[in-house]
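Peer 1: One letter stands for each residue in the lines below.
Protein chains: 2
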Amino acid sequence: MATSRWTAAAEAQPVSLRRRGLVLERAILDSALEQLSTVGWNGLTMEGVAAGAQTGKAAVYRRWPSKEDLVADALKAGLPDLADAPDRGSIREDLYELCRRMRGAMYSRPGFALRSVLHECDKGVAERFHAVILRQVIEPSNRLFREVVSRGIERGDVRPDATSDLVFDVIPGLMMYRSKVCGSEWPDEEITEVVDRIMVPLLRPVPTPAAD
Amino acid sequence: MATSRWTAAAEAQPVSLRRRGLVLERAILDSALEQLSTVGWNGLTMEGVAAGAQTGKAAVYRRWPSKEDLVADALKAGLPDLADAPDRGSIREDLYELCRRMRGAMYSRPGFALRSVLHECDKGVAERFHAVILRQVIEPSNRLFREVVSRGIERGDVRPDATSDLVFDVIPGLMMYRSKVCGSEWPDEEITEVVDRIMVPLLRPVPTPAAD
Chain A
1 MATSRWTAAA EAQPVSLRRR GLVLERAILD SALEQLSTVG WNGLTMEGVA
51 AGAQTGKAAV YRRWPSKEDL VADALKAGLP DLADAPDRGS IREDLYELCR
101 RMRGAMYSRP GFALRSVLHE CDKGVAERFH AVILRQVIEP SNRLFREVVS
151 RGIERGDVRP DATSDLVFDV IPGLMMYRSK VCGSEWPDEE ITEVVDRIMV
201 PLLRPVPTPA AD
Chain B
1 MATSRWTAAA EAQPVSLRRR GLVLERAILD SALEQLSTVG WNGLTMEGVA
51 AGAQTGKAAV YRRWPSKEDL VADALKAGLP DLADAPDRGS IREDLYELCR
101 RMRGAMYSRP GFALRSVLHE CDKGVAERFH AVILRQVIEP SNRLFREVVS
151 RGIERGDVRP DATSDLVFDV IPGLMMYRSK VCGSEWPDEE ITEVVDRIMV
201 PLLRPVPTPA AD
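Residue numbers (the working numbering), protein chains in the order written: chain A, 1 to 212; chain B, 1 to 212.
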C-alpha cells in the first residue's frame, strides 16, 4: 500500500520528491517486521530494514536511535487491535470470541515475531518487549474480559460476586502457562474447553435453593 | 550435618581417609547451592564449589562434567519435596495447603536460586533448568492436585465432572502468570483468594433443582 502511494506520488511529482511522514514510517516499520519474520532479531540490521523500505539508513536512525526502539515500534504497530468487546448474547460466546482474538494477536505474524524476538535477544532488551506485550495485549484484553463479565452479570448468566481481579487472570494465565509448558498454540478445541469447562462453571450463578 | 559426620569420621580414622560417596556429594551440592545464592550462576565456578565443599575440583569434575550438570543436580537435590497429598477434610483446606507447599518450593532458597539462574544464563542452558522445574515442581504438583480433587469428588464437595486437564492447570497458570506479570510472591491472602474465589466456585457441585 505504501509502495503504490509512493509510486503514484512519484509519477505525479518531480523525481526529487522523497516520501515523508507516516508513509515512510509505515514502510520502515513493515520492513522491520518482514526482517524479523525472515532473519529474526539477530539477523535484523538497520541497513537491511532501510533497504527493504527503499530508503537510506539515515532516515531510519533519524526516527529510531536503536534497534530496540525500531523493533518495539514495529511490534506495537503490527500487533492486531483487540477491538471493542464482543457482544454475542451469552458469556460463553463472548469469552470464546475474546479468546480467539487474543490467540490471533499472539499467533499473528507480529505475535510470532514478538515471541521469537523474546527468545533471541538478551535479557535487558527482552524487558523492553515484555512491556510491549503488557501494554498491547495483556492490559487491553484485561479490560475486555472485565467488560464482558460485567455484561454477563447484568444479563444474569454470570454470578454477581465474580469480581475478583483473579477471575480476569485465569484465561491469560492458562494461555501463558500452556504455551510455555505444553507448547500449546490454542486450537479452537482448547479454547472451547477453557470456556465450557473452566470459565462457565467458574462464573455461573448459584441457583437459590427452593424454599421448603 | 555433612561437616559433623566428616569431622567425626576423621577423628575416628587415619587422616588419609577421604570422604566418599553420598557424604561428599551432599557437601558439593550444598556448596553449589550456596554459591548460587551468593554469587549467582555467573559467579559460580567449579573451583569455588570445590573449595566450599573442602575438596578438590577433580572430585567435582569426576561426578559432574559441566557447570550445568552440577547446578541441575544441586537444584534437584535442594528443591523441597511436595510430600503426599494433604488430607484436611475439605477441598478448600487441601487446596490451600497445596498452594502453600508449591509456594514453598518456588520461593525456597533453591527456588530463588533456580529462578535467578534462569534469569542469568543463556537460553540453551535455561532449557535444561526448565526441565528441572517441570519434573521437580510442575509434574508432582499436578499429581497432587488430581489426587486432592479426586478425593473431593468422593467426599462430595467437588462436582463429578471436574475432570478436565485444564482444571489442574488453573493454579499453576495463575502462579506463573502473576509471578511474571505482577511480580507476585503469593502471599497467604492471594492464595486464599485463589482458593475461595476461583477454585471453590469452579469445583463446587451444582445443586440439583428441587422437584416441583
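Take these hints with a grain of salt, some might be off.
[As the list claims (entries may be wrong)] Chain A is nowhere near these chain B residues, computed Cβ spacing over 12 Å in every case: (1) A50; (2) S66; (3) S164.
[Claimed, not checked] Restraint ranges, calculated between C-beta atoms of paired labels, are given here: (4) B/K123 / A/K57: 23 to 33 Å; (5) A/G56 / B/K57: 18 to 28 Å; (6) B/A83 / A/P65: 16 to 26 Å; (7) B/E93 / A/E93: 29 to 39 Å; (8) A/S164 / B/R26: 43 to 53 Å; (9) A/D165 / B/R155: 48 to 58 Å; (10) A/R63 / B/Q54: 30 to 40 Å; (11) B/D84 / A/E193: 24 to 34 Å; (12) A/R62 / B/A58: 53 to 63 Å; (13) B/C182 / A/D122: 54 to 64 Å; (14) A/E154 / B/D69: 54 to 64 Å; (15) B/R100 / A/A83: 35 to 45 Å.
[As the list claims (entries may be wrong)] List of simulated lysine-lysine pairs, DSS-like, C-alpha gap at most 25 Å: (16) A/K123 / B/K67; (17) A/K123 / B/K180; (18) A/K76 / A/K180; (19) A/K67 / B/K123; (20) A/K180 / B/K76; (21) A/K76 / B/K180; (22) B/K76 / B/K123; (23) B/K180 / A/K180.
Simulated from the structure, these hints should not be mistaken for laboratory data.
Don't be surprised by glycine CBs; every beta carbon is placed ideally from N, CA and C.
Peer 1: Now, for every hint given, state plainly whether the structure supports it.
Peer 2: Status of the hints after comparison with the structure:
1. For B/A50, the condition that its CB be more than 12 Å from all CB atoms of chain A holds, with the nearest at approximately 29 Å.
2. For B/S66, the condition that its CB be more than 12 Å from all CB atoms of chain A holds, with the nearest at approximately 22 Å.
3. Its beta-carbon lying about 4 Å from the closest one in chain A, B/S164 breaks the requirement of being farther than 12 Å from that chain.
4. Distance hint check for B/K123 and A/K57: the Cβ-Cβ separation is about 29 Å, which falls inside the suggested range of 23 to 33 Å.
5. Remark: the range hint 18 to 28 Å for A/G56 to B/K57 is contradicted by a beta-carbon distance near 55 Å.
6. In this structure the supplied range 16 to 26 Å is violated for B/A83 paired with A/P65, their Cβ-Cβ distance being about 54 Å.
7. The given range of 29 to 39 Å is respected by B/E93 and A/E93, whose C-beta atoms sit roughly 36 Å from each other.
8. The beta-carbon spacing between A/S164 and B/R26, approximately 44 Å, falls within the hinted interval of 43 to 53 Å.
9. Here the CB-CB span from A/D165 to B/R155 is close to 30 Å, at odds with the stated 48 to 58 Å.
10. Under the hint 30 to 40 Å, the C-beta atoms of A/R63 and B/Q54, about 59 Å apart, miss the expected range.
11. Between B/D84 and A/E193 the Cβ separation comes to about 29 Å, which falls inside the hinted range of 24 to 34 Å.
12. Remark: the range hint 53 to 63 Å for A/R62 to B/A58 is upheld by a beta-carbon distance near 59 Å.
13. Our hint of 54 to 64 Å for B/C182 and A/D122 is violated, since their Cβ atoms are close to 24 Å apart.
14. As the Cβ distance of A/E154 to B/D69 is approximately 58 Å, the hint placing it in 54 to 64 Å holds.
15. For the hinted restraint 35 to 45 Å between B/R100 and A/A83, the CB-CB distance of approximately 41 Å keeps it satisfied.
16. A distance of roughly 21 Å separates the Cα atoms of A/K123 and B/K67; the hinted pair therefore holds under the 25 Å criterion.
17. At roughly 14 Å between alpha-carbon atoms, A/K123 and B/K180 fall within 25 Å of each other, so this suggested pair holds.
18. At roughly 22 Å between alpha-carbon atoms, A/K76 and A/K180 fall within 25 Å of each other, so this suggested pair holds.
19. Straight-line distance between C-alpha atoms of A/K67 and B/K123 comes to about 21 Å, which keeps the hinted pair within the 25 Å bound.
20. With a C-alpha separation of about 20 Å, the suggested pair A/K180 and B/K76 falls inside the 25 Å cut-off, and the hint holds.
21. Distance restraint check for A/K76 and B/K180: the Cα-Cα separation of roughly 20 Å lies within the 25 Å cut-off, and the hinted pair is therefore satisfied.
22. Note on B/K76 and B/K123: the hinted pairing holds, with a Cα-Cα distance of about 19 Å set against a maximum of 25 Å.
23. For the suggested pair B/K180 and A/K180, the alpha carbons sit about 12 Å apart, so the restraint of at most 25 Å is met.
In the structure shown, a violation is registered for the earlier hints numbered 3, 5, 6, 9, 10, 13, in ascending order.
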